[in-house]
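Novice: Sequence:
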Amino acid sequence: MTEQATGHHPQPRPRNGATTSPVEHVTGAQSLIRSLEEVGADTVFGIPGGAILPAYDPMMDSQKVRHILVRHEQGAGHAATGYAQATGRVGVCMATSGPGATNLVTPIADAHMDSVPLVAITGQVASKAIGTDAFQEADICGITMPITKHNFLVTKAEDIPRTIAEAFHIASTGRPGPVLVDIAKDALQAKTTFSWPPQTDLPGYRPVTKPHAKQIREAAKLISAAKRPVLYVGGGVIKSGATAELKILAELTGAPVTTTLMALGAFPDSHPLHVGMPGMHGAVTAVTALQKADLIVALGARFDDRVTGKLDSFAPYAKVVHADIDPAEIGKNRAADVPIVGDAREVIADLVQAVQAEHSEGNKGDYTAWWSDLNRWRETYPLGYDLPEDGSLSPQQVIQRIGQLAPEGTIFAAGVGQHQMWAAHFIDYEQPATWLNSGGAGTMGYAVPAAMGAKAGLPDRPVWAIDGDGCFQMTNQELTTCALNNIPIKVAIINNGALGMVRQWQTLFYNQRYSNTVLHSGPDELKANKGTRVPDFVKLSEAMGCVALRCEDPADLDKIIAEANAINDRPVVVDFIVHEDAQVWPMVAAGTSNDEVMAARGVRPDFGDGEDD
482 MTEQATGHHP QPRPRNGATT SPVEHVTGAQ SLIRSLEEVG ADTVFGIPGG AILPAYDPMM
542 DSQKVRHILV RHEQGAGHAA TGYAQATGRV GVCMATSGPG ATNLVTPIAD AHMDSVPLVA
602 ITGQVASKAI GTDAFQEADI CGITMPITKH NFLVTKAEDI PRTIAEAFHI ASTGRPGPVL
662 VDIAKDALQA KTTFSWPPQT DLPGYRPVTK PHAKQIREAA KLISAAKRPV LYVGGGVIKS
722 GATAELKILA ELTGAPVTTT LMALGAFPDS HPLHVGMPGM HGAVTAVTAL QKADLIVALG
782 ARFDDRVTGK LDSFAPYAKV VHADIDPAEI GKNRAADVPI VGDAREVIAD LVQAVQAEHS
842 EGNKGDYTAW WSDLNRWRET YPLGYDLPED GSLSPQQVIQ RIGQLAPEGT IFAAGVGQHQ
902 MWAAHFIDYE QPATWLNSGG AGTMGYAVPA AMGAKAGLPD RPVWAIDGDG CFQMTNQELT
962 TCALNNIPIK VAIINNGALG MVRQWQTLFY NQRYSNTVLH SGPDELKANK GTRVPDFVKL
1022 SEAMGCVALR CEDPADLDKI IAEANAINDR PVVVDFIVHE DAQVWPMVAA GTSNDEVMAA
1082 RGVRPDFGDG EDD
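Each position in the sequence shown, counted from 1, maps to that position plus 481 in the numbering used here.
Keep in mind that the hints were calculated from the coordinates and are not lab data. Keep in mind that the hints are not guaranteed to be accurate.
As the list claims (entries may be wrong) - Straight line, CA to CA, 27 Å or less: simulated DSSO-like cross-link-like pairs of lysine-lysine:
1) K545 x K702
2) K800 x K702
3) K609 x K637
4) K800 x K728
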């Protein structure tokens, strides 16, 4: 069982009226580091610069906070996200003002979309210079207002402890998310006093965690009365540590379970009730189950467009029970017949009791005919792939074998694109917090720094980054960070010489006009090789202090993966040269109905007569 699987673990937070520590006379910067220690932050990813520099001096003396010097602020943000997703704790990143802060915008937006608890601390120019276009000034609070759960501008040293306490509380409670703390340089330099805990003041912040009993009873009645129910499980189930409760509910009801891209591992892939991942590239059975359902029980999911396809044709026969800790999500995309506001763990635990009460009164759903359909679809349209006729490496086979040969408890982080979808399909996820990816924002370059953050947070766990040759060229400099900080991640580059997912769309929808998606264009002697060769990923990785391997022959696949698994004292990068024409299937084309799901190119599933009745 992973740490995440046992429940969410926000850092300890101050409570009003608690016994305070003795007053210390410190600088604002010292107060910041002491506050980070008190909230339980043990790792900070960042880069110093002028405005944040005062904070870096006392950090050098801290015995509790480890700072990891990254090579780009985007790497710091994604590392903090990977740390948070793997451990369940709040991830922390730090940057200076201006370009340092703006380089955090992408990972902050990424964390916001995927509900990741993150605190980003940025330096700001001196308070009197704010608004004057001073050197390296940027209104980072204004810039990030739409993509943070909350943000703070601190101009007084005495406000630092309270702000840090509030930031960690907001980030880790309710619907988790990123919080920005922007601190003026003169506030870091000024003298102040420090005592803990501070008096917090968040009068408007009261997340509802306990669901309403009437709504729970209504949901249980619908579940018992349904003929074709589906449990539609989102990332909120993992965030709340509700995976054990989910398994109980699923087995109690006997309803099929579909887990979104953000929820892989929330329910064991191998469980007979699991029908796969829904969505644009979801399993045929999962996509179709939602379309044919008469009841959808959405748990910590948000009816994202990648799941619903064309919204007005999504699940036309289904009543909807929608449970979410964020009331703004309920009814946003799909009207809910039974809205439930609450923490997924409490909601599911109460649902279990309510369904048991229904059963005790003789109200138990009969899903026999439903499972007959589901099992027929599963058998007829399983996930699969064809091996290339030219004997080259299949990217699906590479990823599948990495998953099969990985030690138990391995954490997988993926970039964005074809390799992300193949990693979702062909690696089995049996535990929560073993699959890290950028779901909502779809951020290329996420994998390497996120894997670094996960490994820093859980150093005893193996971590594989599954990356594409396009993604890898965005953030690979963090391998230097890994090498210098004893963070031995493993990276698989699925190297097809192209921006693979965009190329797939060009193949399908743009008459095979490959405009600016080929990564190996260059002199003829380079074109003769398959995959991206400039840069040479083996030489590049070796230059950054990694062990680097290349695999081009399927006969060498298992041997090279085993060699990578055996190296645990340095980062390992494996350049897998794969066939460039492999595509991700199943697929629902953007803007079309999920009824138009294609099992493979040119293969539309036949669901038989009477299925839509």
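Novice: Hint by hint, note whether the structure agrees.
Specialist: Taking the hints in turn, this is what the structure says about them:
Simply put, K545 and K702 have alpha-carbon atoms about 51 Å apart, too far for the 27 Å limit, and the pair is violated. Among the hinted pairs, K800 with K702 is consistent with the structure: their alpha-carbon atoms are about 12 Å apart, no more than 27 Å. Between K609 and K637, the direct Cα distance comes to roughly 12 Å. Compliance with the 27 Å bound is thereby established for this hinted pair. A C-alpha spacing of about 22 Å is found between K800 and K728, which places the hinted pair at or below 27 Å, so the restraint holds.
Hint 1 alone, counting from the list given before, is not met by this structure.
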